[in-house]
Amino acid sequence: MPENNLNLTLHVWRQNGQGSKGKMVEYKADDISTDMSFLEMLDVVNESLIKDGEDPIAFDSDCREGICGTCGMVIDGVAHGPERATTVCQLHMRHFNNGDKIYIEPFRAKGFPVIKDLVVDRTSFDNIIKAGGYISANTGSAPDANEILIPKDVADRAMDSAACIGCGACVAACPNASASLFTSAKISHLAVLPQGKPESQSRVVSMVQQMDSEGFGSCSNHGECEAVCPKEISISNIARMRREYFKALVGK
Amino acid sequence: MSAKSKGLSSVGKKLINGLTGLGLVFFVIVHLGGNLTLFSSNPDLFNSYAKKLHDLGFLLYAAEIGLLAVFIFHIVSAISVYMSKRKARAYGYHMKGNAGGASRKSISSVSMIYTGIILMAFIIWHVISLKFGPGIDQGYTTVLKGETARDLHKLVYEYFANPFNVSVYVIVMVLLGFHLRHGFWSAFQSLGANHPKYTPVINTTGYILAIVLAAGFLLIPIWIFINTGGGV
Ligand code: HEM
Ligand code: FES
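As you go down the protein sequences, you meet chains E and R in turn. Position one of the first sequence corresponds to residue 1 (the working numbering), numbered consecutively onward. Position one of the second sequence corresponds to residue 1 (the working numbering), numbered consecutively onward.
Only chain R is shown next, with the shape it has when bound in the complex (with noise of 0.2 Å):
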């Protein structure tokens, strides 16, 4: 058999999924790490952030281009479960049921395909607004250690002082936890780990970890509308 239709079986779909699903919880982790700059009343710590970033050149393009692979990769092996199950299930239960017990089947786990549609219409736009949006030539300037750099700090912040904005952001957040609250532990068993001792402990890290980047992510943007003045 060819590694193509082994790549492609239900179980390869997994591994897929999987391994970009973390993949992604790793980007997530980093990036969230570096927004934490804009809780400080110092432009500065975030601007620079952000051309550090920048200075890296053709290593960052090379991380950009991975980074959307994983992306694709991700979506594609997602979807693809997700016609399976429609295609394998033509006709459902007229009364449906949950068995308790050992499931993990939760609000999470059967929201997966939903939050992660809304989660791409989001990083889209996300990325058109903030990465694409207006830099240097739109007047976005700032100085930084004699070097003229892109503001991103005061894009930001004008950003968030609009309330739709804000709103936006909040609940997709939200919604990105409910999608790590399954996807964590889940991650896993599709790499095949499972162990008595060791999943409930990656079952709970994933719930601590949904909620502390939900929170994360959801606060900066609450935190800069109330330190703008909320809108004015």
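So that you can see chain E by itself, here it is in the shape it has in the complex (with noise of 0.2 Å):
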């Protein structure tokens, strides 16, 4: 085997369906590339588990490029895994010494019940977003470029909140569980543009109270969702939501 490849020790959560009783399993990945992204790792272990005869371990990609949200578990306590700025379809396992032991959990979260090892259902993520999460006003054709003015850095915040994946990692890394970072991404990229001021207070409260009944937990400002999250979207959305909803409480 090359020099700097890898033998890792895995500790994976396997479960069979949503409320089954799942358990951490121990595995080997032995002679792990440092090129490999961590997929590719689980890729290489679970063709040696087909050719056991074993339950391959189940997990959730797409595009593989960091771009789609699919991807996601918790990886040594943190989602995502130790890189910041990274899915873990991005993870390369150059981060990764020889020998580590490595555990890999899914998202927990009561929003997000498992589907099998470390799949998770999101539907409560589509949910949120079917509460409130776009324009619903009548657009006509399309507007001639530069017919309502936005001024540069109002596009770049609205940019920035909109470059969320939707990949639930703020839920996973939050103490409280909370849906906070992406509810507020989501209406944040929407309340910042003149197109969605017109409905952002029955949006704002429509989307906190469809996060709140999908049994996401309140936020106690860890920040530690920020930390993970592959897009760095900034708790300032947070802040903003706060901002909006009390405007909408007040009824300004």
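Rather than coming from a laboratory, the hints here were simulated on the basis of the structure. One should not assume that every hint holds.
[As the list claims (entries may be wrong)] Okay, derived cross-link-like pairs now, BS3-like style, lysine-lysine, Cα gap no bigger than 30 Å in a straight line: (1) 21/E x 96/R; (2) 231/E x 96/R; (3) 145/R x 52/R; (4) 96/R x 28/E; (5) 87/R x 247/E; (6) 101/E x 21/E; (7) 51/R x 131/R; (8) 85/R x 96/R; (9) 130/E x 152/E; (10) 197/E x 197/R; (11) 101/E x 23/E; (12) 116/E x 101/E; (13) 116/E x 96/R; (14) 197/R x 152/E; (15) 85/R x 23/E; (16) 231/E x 247/E; (17) 130/E x 116/E; (18) 116/E x 85/R; (19) 21/E x 87/R; (20) 247/E x 85/R; (21) 116/E x 28/E; (22) 197/R x 247/E; (23) 197/R x 231/E; (24) 21/E x 116/E; (25) 87/R x 231/E; (26) 116/E x 87/R; (27) 21/E x 85/R; (28) 87/R x 23/E; (29) 87/R x 110/E; (30) 96/R x 23/E; (31) 96/R x 101/E; (32) 130/E x 87/R; (33) 131/R x 52/R; (34) 231/E x 130/E; (35) 130/E x 85/R; (36) 85/R x 110/E; (37) 85/R x 231/E; (38) 96/R x 110/E.
Both chains come to you apart, so use the hints to assemble them.
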């Protein structure tokens, strides 16, 4: 085996289905190239599991380019693992050392029930979007460019919030399992733009209400969400959500 | 939607918790300010400060009821945040980790509920022992400008001649410092105030405030203990 390939011990959460009891199971991952991504490492482990007639470890992925938000797991207690601004699919094995013990667990939250192993159901996020994360005004045909003037810094702010890929790492990392970062990013990217303003009050109230009814916790400002966010969405979005909420509350 | 269901949402709770938290910080600062007179060798200074407050009569009662309400709203909103967190993640992680970087998670932030509950127990004990403690009828009397008044200075000095009382106060004041280390900046964030330039300033102010308030409050019992000859 090439000199700097890794031999690892994995502790992986295995759970057959929703509601069934799961447990941590130990696996060996030997001869892992440091050029692999974390998911490729799991692919290798799964190949050998399949060869041995065992059930492969279920995990989600789609683009494997860090843009779709499908992948996500908690690695050694940190959502998406040890690298900042990185999804698991973009996390490379060169960030690990030979002999490492790695704990791999699904995102844990009442709002994200485990479907199998590391795969969780994030329908709750779709429900939050459905509650108001859109603009319903009839816009007619596409407007001419520059018809609505938006200052560069405002456009930038909206883009920063819109960078959210909805992966759910913020929930996984939050000690309260709060979905405040996700919800606030989805509120913010609309609230700062003129097209989003007319519905901003009803939007914030119904999205917050949906977030609560999906069983997510309240936010204690630990800021762990921003730290794990692959898109580095700032908790200033959460502050904006609260301002918007306050405005809706006093009915301004 | 009714205002009530809006107010009790996860965000509404934080607006209440943050606002009442800042109210309590304001109270604590004023409280320390008044208590600094205990460092003086002239007992009249502290006693006349207390008397001035008492002479406010109805106004003082109104303020006290207001303060009690602020405490209750703070505690109820805080406990409700804590309960939502317990329900939101019934099954925890086998391996816990911290992301570092932009995170503000700290000993202070994860122990808010514990430092808070200890503060609550402490405040009840504190109010019973001193505010509702022995007064004029029990012989704690002094004369200020020809008028009879409660000798609170004597009571406080006797109280802090006791090493047990001093130890508890010192420990709890350190915990108050921890509560405010996360609490101060957090209250601004809860109220929606976050700004790339000012948030770091608020954060540092919270740090300094936590140290100054804890130090101020814990030095009073230590100072008195030393000055009363350590319990004799
Ligand atoms: C002198 C007394 C107190 C002061 C000055 C104080 C101050 C504060 C401040 C400024 C905050 C930040 C508010 C926010 O995050 O929005 C806070 C939060 C908190 N306080 Fe207090 N507090 C006091 C007493 C208490 C008591 C008696 C409890 C009892 C349960 C308590 C429990 C909490 C909790 C749990 C939080 C965090 C809430 C969360 O996780 O979102 N505090 N406090
Ligand atoms: S698989 Fe698309 S972001 Fe990781």
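Quick rundown of the hints versus the structure:
1. 21/E x 96/R: holds (20 Å)
2. 231/E x 96/R: holds (22 Å)
3. 145/R x 52/R: Roughly 12 Å between the alpha carbons, so the hint for residue 145/R and residue 52/R holds.
4. 96/R x 28/E: holds (21 Å)
5. 87/R x 247/E: holds (29 Å)
6. 101/E x 21/E: Within the cut-off at roughly 23 Å; holds.
7. 51/R x 131/R: It holds: about 13 Å lies between the C-alpha atoms, which stays within 30 Å.
8. 85/R x 96/R: Holds: residue 85/R and residue 96/R sit about 16 Å apart, inside 30 Å.
9. 130/E x 152/E: Since the Cα atoms of residue 130/E and residue 152/E sit roughly 29 Å apart, the hinted pair holds (cutoff 30 Å).
10. 197/E x 197/R: The given pair, whose Cα atoms are some 25 Å apart, holds under the 30 Å limit.
11. 101/E x 23/E: Given that 30 Å is the threshold and the Cα spacing comes to 17 Å, the pair holds.
12. 116/E x 101/E: holds (22 Å)
13. 116/E x 96/R: Cα-Cα ~21 Å, so holds.
14. 197/R x 152/E: Holds. Residue 197/R to residue 152/E sits at ~19 Å (cutoff 30 Å).
15. 85/R x 23/E: Holds - the C-alpha atoms of residue 23/E and residue 85/R are around 23 Å apart, at most 30 Å.
16. 231/E x 247/E: The hint holds at about 28 Å.
17. 130/E x 116/E: holds (25 Å)
18. 116/E x 85/R: Roughly 24 Å between the alpha carbons, so the hint for residue 116/E and residue 85/R holds.
19. 21/E x 87/R: The hint holds at about 18 Å.
20. 247/E x 85/R: Since the Cα atoms of residue 247/E and residue 85/R sit roughly 26 Å apart, the hinted pair holds (cutoff 30 Å).
21. 116/E x 28/E: Holds, at roughly 20 Å.
22. 197/R x 247/E: Within the cut-off at roughly 23 Å; holds.
23. 197/R x 231/E: holds (21 Å)
24. 21/E x 116/E: Judged against 30 Å, a Cα distance of about 11 Å means the pair holds.
25. 87/R x 231/E: holds (28 Å)
26. 116/E x 87/R: Measuring from Cα to Cα gives roughly 21 Å; hence the hint holds.
27. 21/E x 85/R: holds (22 Å)
28. 87/R x 23/E: Holds, because 21 Å separates the two Cα atoms, which is no more than 30 Å.
29. 87/R x 110/E: holds (7 Å)
30. 96/R x 23/E: holds (16 Å)
31. 96/R x 101/E: holds (14 Å)
32. 130/E x 87/R: Satisfied, since the Cα-Cα distance of roughly 24 Å is no more than 30 Å.
33. 131/R x 52/R: Holds, at roughly 15 Å.
34. 231/E x 130/E: With a Cα-Cα distance of about 22 Å, the restraint between residue 231/E and residue 130/E holds, given a limit of 30 Å.
35. 130/E x 85/R: holds (24 Å)
36. 85/R x 110/E: holds (10 Å)
37. 85/R x 231/E: holds (25 Å)
38. 96/R x 110/E: holds (18 Å)
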